[in-house]
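Peer 1: Starting from the known structure of chain L, arrange chain U on it as the hints suggest.
Next come the chains, spelled out residue by residue.
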Amino acid sequence: MRIRVVVNGGAYERDVEEHRTLLRFLREDLGLTGTKEGCGAGECGACTVFLNGKTVNSCMVLAVEADGAEVETIEGEAEGGKLSAIQAAFDKHHAVQCGYCTGGMVMSVRELLRKNPKPSVAQIKEGIEGNFCRCTGYQQIIEAVLDVSGQLGPENQGELKYA
Amino acid sequence: MLHRFGYAAPAERQELLDLLAERAEYGAGAKLLAGGTDLLVNIRAGASKPALVIDVKKVAGFSGISWSETEGLVIRPAVTINEVLRDAAVLSRFPLLADCASDLASYQIRNRATVAGNVVNASPCSDMAPALLCLGARALLASSRGERELPFADFFRGVKKTAIRPDEVLERIVVPASSAGARGGYRKLKRIAGHDLGIVGVALSRKDGRLRLGISSSAPTPVLVEGLDEGDPVEKVVAAARKAISPISDVRCSREYREFMVETFVKRLMREVA
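So the protein lines, in turn, are chains L and U.
Residue numbering for the first sequence follows the working numbering, beginning at 1 and increasing consecutively.
Residue numbering for the second sequence follows the working numbering, beginning at 164 and increasing consecutively.
I should point out that these hints are in silico values taken from the structure, not numbers from a laboratory.
Backbone N, C-alpha and C define an ideal beta-carbon position, used for all residues, glycine too.
There may be inaccurate statements among the hints.
[Unchecked claim] Straight-line distance between alpha carbons at most 30 angstroms, and here's what the computed DSS-like set of lysine-lysine pairs gives:
(1) L:Lys82 x L:Lys115
(2) U:Lys323 x L:Lys54
(3) L:Lys125 x U:Lys430
(4) U:Lys353 x L:Lys125
(5) U:Lys221 x L:Lys54
(6) U:Lys430 x U:Lys406
(7) U:Lys353 x U:Lys323
(8) L:Lys118 x L:Lys92
(9) L:Lys82 x L:Lys54
(10) U:Lys353 x L:Lys118
(11) L:Lys54 x U:Lys212
(12) U:Lys323 x U:Lys212
(13) U:Lys323 x L:Lys115
(14) L:Lys92 x L:Lys125
(15) L:Lys115 x U:Lys220
(16) U:Lys430 x L:Lys54
(17) U:Lys399 x U:Lys430
(18) L:Lys54 x U:Lys220
(19) L:Lys115 x U:Lys430
[To be verified] Label-pair distances were calculated between CB atoms; the ranges are:
(20) L:Glu70 x U:Glu234: 25 to 35 angstroms
(21) L:Glu70 x U:Glu178: 21 to 31 angstroms
(22) L:Gly68 x U:Gly209: 27 to 37 angstroms
(23) U:Ser226 x L:Ser120: 26 to 36 angstroms
(24) U:Ser255 x L:Ala85: 32 to 42 angstroms
(25) L:Gln139 x U:Tyr420: 51 to 61 angstroms
(26) U:Glu389 x L:Gly9: 47 to 57 angstroms
(27) U:Ala214 x L:Glu70: 26 to 36 angstroms
(28) L:Glu70 x U:Gly227: 32 to 42 angstroms
(29) U:Ala214 x L:Gly68: 22 to 32 angstroms
Excised from the complex, chain L in its bound form (with noise of 0.2 angstroms):
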């Protein structure tokens, strides 16, 4: 099936099979490598794009249900080279380690801080509750994003303690 899908920005049509994932769409037939697959069943959240303006897991997403649709990944973060607010506040606080999961992380962390602009610590937990990280125990990334929301003080500290 033929379908029209703006991605970041850019207007593509190209023709998908039908069972097709949008995620492999936009890996394999758009190069688009950022959007990572971790369980390839709604767990992980590695694949997690915007799709309309609301955050999917693009692994459980047809390439044709995306007919017409905005798509927006990890890509589109930075903006002319530059990291994005939410991307320098996870380089600060290394809230990166492998780096797989950091895609995915990073768009639930725009859509949380979106609805959201100061999130407390057990918000956050919420809002980035179907993103698995294995590498950093979620502590830095918490971190970062109470960092990047401006409520990183000595105020939160003990709370972090036990986040």
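Peer 2: Then chain U, alone, in the frame of chain L:
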């Protein structure tokens, strides 16, 4: 890699019903797709091998939640779990629905998964079923032969089995206006927040002197416990719950633990839902 299938995304209700009428030819070979968070996982695992996937999200009139005193709360097939959590009528009149919705999987899944899909799958661990059972919700099933309506208490027929016939679609979930304002709560036992299937789930509602329970993961289907009064002693409510369930032992936990936790949640909810 998914196995090959055809894809149809009808734009009109009649087109969908016509496709479904032909579905007899496909039998189990045609599957309806809403959020896809169960279907695509099942297809990937080889548990479902449809020849045709019919996307219901683009059908005109299949989106949105509406509320009126006359019709009650109407949830259409494309309504996602996060739409339920943002809906003003749900939050003010049917908070138990939001309680159950907020416990379903992770944020990204809630952006995609639908209420209709959650009940149509008829998993014993459905998160939306306990609330819908407690609130006396009804399923409106449509086919080219006409429409019929049945309460969710009659909808679930076994593990992953429902009363839906092959040519029917769950077109509307209707929560009656008479259940508006019910007080309630949902407790779900799970290993990890945001992940994992429920080990047991208990919803409790109180309205007009009546007390109802909706219990998941404790029988082949989600279970409704009715015929109880708000003033009934804890022991009576616990006994009714124990009588209604028939849990199994599996990889998640033992039958005895499920029984124990259903009892524990019933006691907690009776305290907490005043």
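Peer 1: Starting from lysine 323 (chain U), check that the Cα of lysine 54 (chain L) is at most 30 angstroms away, please.
Peer 2: holds (29 angstroms)
Peer 1: Taking 51 to 61 angstroms as the stated bounds, is the beta-carbon spacing between glutamine 139 (chain L) and tyrosine 420 (chain U) within them?
Peer 2: Distance hint for glutamine 139 (chain L), tyrosine 420 (chain U) is violated at roughly 32 angstroms.
Peer 1: Can the restraint linking lysine 323 (chain U) and lysine 212 (chain U) be considered satisfied, given a maximum Cα separation of 30 angstroms?
Peer 2: holds (16 angstroms)
Peer 1: Mind checking the hinted window 25 to 35 angstroms against the Cβ distance between glutamate 70 (chain L) and glutamate 234 (chain U)?
Peer 2: About 34 angstroms separates the Cβ atoms of glutamate 70 (chain L) and glutamate 234 (chain U), which means 25 to 35 angstroms holds.
Peer 1: Would you mind confirming whether the straight-line C-alpha gap from lysine 221 (chain U) to lysine 54 (chain L) stays at or under 30 angstroms?
Peer 2: Status holds; Cα separation ~17 angstroms.
Peer 1: For the pair supplied as a hint, lysine 323 (chain U) and lysine 115 (chain L), is the alpha-carbon distance within the 30 angstroms limit?
Peer 2: violated (36 angstroms)
Peer 1: Given the hinted pair lysine 115 (chain L) and lysine 430 (chain U), is their alpha-carbon gap at most 30 angstroms?
Peer 2: Violated, at roughly 36 angstroms.
Peer 1: Is lysine 353 (chain U) within 30 angstroms of lysine 323 (chain U), Cα to Cα?
Peer 2: holds (20 angstroms)
Peer 1: Are lysine 399 (chain U) and lysine 430 (chain U) close enough, with their CA atoms no more than 30 angstroms apart?
Peer 2: Distance of about 11 angstroms is within 30 angstroms: holds.
Peer 1: Can you confirm whether the C-alpha distance between lysine 430 (chain U) and lysine 54 (chain L) stays at or below 30 angstroms?
Peer 2: violated (38 angstroms)
Peer 1: Against the 30 angstroms threshold, does the CA-CA distance of lysine 118 (chain L) and lysine 92 (chain L) hold or violate the hint?
Peer 2: holds (19 angstroms)
Peer 1: Between the alpha carbons of lysine 54 (chain L) and lysine 212 (chain U), is the straight-line distance 30 angstroms or under?
Peer 2: At roughly 28 angstroms apart (the allowed maximum being 30 angstroms), lysine 212 (chain U) and lysine 54 (chain L) satisfy the hint.
The structure fails hints 13, 16, 19, 25, 28 (numbered hints given earlier, in ascending order).
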